[in-house]
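Chains as they are written, first to last, in the numbering used here: chain A, 17 to 382; chain B, 4 to 302; chain C, 133 to 423.
No wet-lab data here; the hints were simulated from the structure.
Do not rely on the hints blindly, as some may be mistaken.
Said to hold, decoys possible - Derived lysine-lysine pairs resembling DSSO-like cross-links, with alpha carbons at most 30 Å apart:
1) A:K148 <-> A:K183
2) A:K89 <-> A:K123
3) A:K183 <-> A:K123
4) A:K148 <-> A:K117
5) B:K186 <-> B:K87
6) A:K120 <-> C:K137
7) A:K146 <-> B:K186
8) A:K89 <-> A:K120
9) A:K117 <-> B:K186
10) C:K387 <-> A:K89
11) A:K183 <-> A:K120
12) B:K293 <-> A:K148
13) A:K123 <-> A:K146
14) A:K89 <-> A:K117
15) A:K45 <-> A:K148
16) A:K148 <-> B:K186
17) B:K293 <-> A:K146
18) A:K45 <-> A:K117
19) B:K87 <-> C:K387
20) A:K148 <-> A:K120
21) B:K186 <-> C:K387
22) A:K148 <-> A:K89
23) A:K123 <-> A:K148
24) A:K183 <-> A:K89
25) C:K387 <-> B:K246
26) C:K387 <-> A:K117
27) B:K186 <-> A:K89
What the hints assert, rightly or not - Now the in silico label distances, taken between C-beta atoms and shown as ranges:
28) A:Q149 <-> C:A231: 29 to 35 Å
29) C:L288 <-> B:V82: 34 to 40 Å
30) B:V82 <-> C:T327: 56 to 62 Å
31) B:N202 <-> C:F180: 39 to 45 Å
32) A:Y240 <-> B:N202: 45 to 51 Å
33) A:D37 <-> B:N127: 30 to 36 Å
34) C:H330 <-> A:K146: 35 to 41 Å
35) A:D37 <-> C:R414: 51 to 57 Å
36) B:Q216 <-> C:N275: 56 to 62 Å
For each residue, glycine too, the CB sits at the ideal point set by N, CA and C.
Next come the chains, spelled out residue by residue.
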Amino acid sequence: MASVTYEHVTKRFGDVVAVNDLTIHIEDKEFLVFVGPSGCGKTTSLRLLAGLEEADEGNIYIGDRLVNDVPPKDRDIAMVFQSYALYPHMTVYDNMAFGLKLRKVPKAEIDRRVREAAAILGIEDLLDRKPKQLSGGQRQRVAVGRAIVRDPQVFLMDEPLSNLDAKLRVQTRAELTRLHQRLEATFIYVTHDQVEAMTMGTRIAVLRDGILQQVDTPQRLYDYPINTFVAGFIGSPAMNFFPATLVQENGELYVDGGTFRVQVPPSRKEAYLPYSNREVIFGIRPEDCHSEQFVPPGVREARVRAKIDVVELMGSEIYLYCLTGNKQFIARVDPRTRVEPGDEMDIVMNMDHMHLFDPQTEMAIR
Amino acid sequence: MISTQETRARTLPRKRQAERVTQLKGAVSRLAIQASLWIWAILVVFPFVWMIYTSFKTDQEIFFSPWSLPQTPRWDNFVRAWTKAHIGQYFFNSLVVVVPSVIFTLLFSAMAAYVLARFPFRGNRLILYIFISGMMFPIFLGLVPLFFLLQRLSLLNTFFGLILVYIAYSLPFSIFFLTGFFKTLPSELHEAAIVDGTNQWQAFFLIMLPLAQPGLVTIGVFNVLGMWNQFVLPLVLMSDNTKYLLTQGLAYMLHQQYYMNDWSGLFAAVVIVMLPTLLTYSLFQGRIQKGLTVGALKG
Amino acid sequence: MYRGKYSVIIPFLAPPLILYAVFVLYPYAQAMYVSLTHWSGVSPTPQFVGLRNFARLVRDDYFWNALSHNLIYLAVLPASILALGFFFAFLLTQGVRGAGFYRIVYFFPQVMSVVAVGVLWSFVYHPTLGLLNGFLRLIGIQNPPVWLGNPSTALLAVGAVVIWQAVGFYTVFFIAGMESIPTTYYEAARLDGATGWHLFRHITLPLLWENVRVAAVFLAIGALDMFGIVQTMTEGGPSRATDVLGTYLYENAFKHSQFGYATAIAVTLFVLVLALSLLVMRATVRETVEY
């Protein structure tokens, strides 16, 4: 059983609380991604699991075993470092064999495992080379290979793709996902890139300032963000936020943003009612803002008049930087839309995908 | 309106003249630069060269024509220097002292520097300062007490005692240098080793120490040169003249010379003494120059 | 990651610390005490005499003689060495052909033991078979001076050797510093109209100032030392014309067995070195320029 459990784990560095009361249970064979901006505690959480840091409070379990006092080498984990950390004075083969040699694994067995891992990663030809003779992508594979060879219960990865160029990154993302499926092991992955998180993780844990914001599947994080931070972090370009008031009129609820007013769909009325006549934050993703010229079917329409500030042609769509009053927001519209900066047009918002947040707590109102 | 071609024609001769002047100025200053460099180069090299070819002359040749080249190279000067003047003995003594001293200085300073550079613990800074402060005290200060200390420990006039002293006094600079060096090594390699399964000792000897090789070579060369050339310590601590090291042996030879008159042998002796250091330098000069300046620049 | 750190910290630090404490720290500490004693090494324990050694020192003409020589060297040597070092460093960074060759060659003297250098120059200075006098006779000077044997020339002669040995090192030192100055500064200055001297004064010198300070301190400390070269070439003679604190100290300790007094001289020397270092550091303080 290779599940991982953090139970009220806290880690401080001097006055800074890097990880604050983290509680999360990760199932066997999951691919869990810790994601968040720099300084959010994701790397520290990983290092706590690795045993490279000691928790100030709380317990960490691998499977059923409490591992707080267990040294890294006995935790049955393997780690891929951001800079790969390949031993420069050893060949690729020796790099991969090192951990096994230390454990006194018989030579034949070491050889078998190294070559097997090398085959999976396509680096059999590189076994006699030294790290400095390898390209970035190749080094990354060796780093992964070194982890595979140990056959651990849990794989830890600290931003393994961040040193690769964009094209290689996309390619390697898919390979890592494939690897996860093939090895059927638990992967704990750290990144600051929400695209990586969304595409690779079975579940994503969003961290901010050491505090776990939300842990859920990518889709649910996207559809039901628990607060403005998660809502703004997941999805690119980020969700549009408008400070507004919830107004009740003729039995209907409206979001009044000052320069526009849109109606709340009936399905949400009951949930939002307690906030009528109060201030709220209205959120709507750019992909749910359409140009009046090309509105897809099935959209619960609400129109906002806006002046177009900047037009970015993306090829498959157009990003419109719109102004309503002096509030800027972004709409991702059909590429056939004909518009110039300075034009005025109606932006049609899909209210079925609206979000409302409490302005004080920043929590979603459901 | 004047055409551009005409303007160009009018300014051209004046420009050319100015160019010629700067070219001339340039040539003269280049010549002056080359000349100064050459003069100093000669000043530096010629005494060595003179030393070397003089060591092949006979006593008469040395006395009567200091400038001329030897008639026939007298290799027996070197033989005499090695045996009768005991340079061979002194050379051997120096080897006996310097080799173990360098090895253990490297080992101990690497161990200390590693721990001081990479492990947080109470007293870390204090211990580092204690070592570094040793660099600021002239060796003179402790000379007399050191003499008596060795005497009390029955280590006076012994190679073992001298080795211990050499190591002790080389620690400050070596630790200073290597601590800076160890700090630049990436932590991730240490961490990867720990995760791979090493204990702290294995992490040091199998991973971090090999990584420190360039720093070790540099400080090793410094120590070899410094210890080989060390004068005061053996002078004070070694009284038996069969145990003299090369430096003090040479000085002894020189001071004896005023009563002996084997000039050619003396010249040959100096050449023998100079050779290892010149050789080491030629082999490692890039490293030496880089290392010295890095250490000094940081300071 | 620092699990089990004490299993390395203690064994790794123990041998060097012990060696250092026994052979370096203890003698230094003891020196302070010994300087306050009268001790000729015959009796097992030194005899405490308070500050008598220092009082004697103040009245000792030979002490002042030696100190005066150190001070003369202090006044002359660092400045000359720095100037020459800078001069050659500057020349060698102007894209001269063979700069690499010069750098290697200039450094030779630094690699030699001070004894070897001393012996070499003893020969060069030899009145009859020496290189220098041979050269002087060649160009027509009939009775060239006996450099090391004549009290009026000995000090100068020894000083010249020190300069000869040190210039190469500081040349290399300054070259390294100069090479670390980004060329963009010079380019910008040239565009602004600066010429050679301006470039030196307004760019090279300020940006290299920290290096100059470090060099100045080392050289100043060296000028107060001078033991090796003097001991080898003249042993402080003739008639104490080249005596320095180091040789005088050595003589008192190991020729006259005046250990207490010698240590008092050593302590004085140490205090002078400290004071001088501080002085030089203070006097050369300028705002640190970071680039």
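Cross-check of the supplied hints:
1. A:K148 <-> A:K183: Cα-Cα ~22 Å, so holds.
2. A:K89 <-> A:K123: holds, 20 Å
3. A:K183 <-> A:K123: With Cα atoms ~38 Å apart, K183 of chain A and K123 of chain A exceed 30 Å; violated.
4. A:K148 <-> A:K117: Distance of about 22 Å is within 30 Å: holds.
5. B:K186 <-> B:K87: Since the Cα atoms of K186 of chain B and K87 of chain B sit roughly 50 Å apart, the hinted pair is violated (cutoff 30 Å).
6. A:K120 <-> C:K137: Cα-Cα ~23 Å, so holds.
7. A:K146 <-> B:K186: holds, 24 Å
8. A:K89 <-> A:K120: Satisfied, since the Cα-Cα distance of roughly 13 Å is no more than 30 Å.
9. A:K117 <-> B:K186: Roughly 28 Å between the alpha carbons, so the hint for K117 of chain A and K186 of chain B holds.
10. C:K387 <-> A:K89: violated, 63 Å
11. A:K183 <-> A:K120: violated, 40 Å
12. B:K293 <-> A:K148: Roughly 23 Å between the alpha carbons, so the hint for K293 of chain B and K148 of chain A holds.
13. A:K123 <-> A:K146: Distance of about 21 Å is within 30 Å: holds.
14. A:K89 <-> A:K117: Roughly 13 Å separates the two Cα atoms, so the pair holds.
15. A:K45 <-> A:K148: Violated, at roughly 34 Å.
16. A:K148 <-> B:K186: Judged against 30 Å, a Cα distance of about 21 Å means the pair holds.
17. B:K293 <-> A:K146: holds, 26 Å
18. A:K45 <-> A:K117: holds, 27 Å
19. B:K87 <-> C:K387: holds, 27 Å
20. A:K148 <-> A:K120: Given that 30 Å is the threshold and the Cα spacing comes to 27 Å, the pair holds.
21. B:K186 <-> C:K387: violated, 47 Å
22. A:K148 <-> A:K89: This hinted pair holds, its Cα atoms lying about 26 Å apart.
23. A:K123 <-> A:K148: holds, 26 Å
24. A:K183 <-> A:K89: violated, 34 Å
25. C:K387 <-> B:K246: holds, 20 Å
26. C:K387 <-> A:K117: violated, 62 Å
27. B:K186 <-> A:K89: holds, 24 Å
28. A:Q149 <-> C:A231: 29 to 35 Å: holds, 33 Å
29. C:L288 <-> B:V82: 34 to 40 Å: Taking Cβ atoms as reference, L288 of chain C and V82 of chain B lie about 37 Å apart, which means the hint holds.
30. B:V82 <-> C:T327: 56 to 62 Å: holds, 60 Å
31. B:N202 <-> C:F180: 39 to 45 Å: violated, 52 Å
32. A:Y240 <-> B:N202: 45 to 51 Å: holds, 47 Å
33. A:D37 <-> B:N127: 30 to 36 Å: holds, 31 Å
34. C:H330 <-> A:K146: 35 to 41 Å: 49 Å Cβ-Cβ, so the 35 to 41 Å window is violated.
35. A:D37 <-> C:R414: 51 to 57 Å: Holds, at about 53 Å.
36. B:Q216 <-> C:N275: 56 to 62 Å: holds, 58 Å
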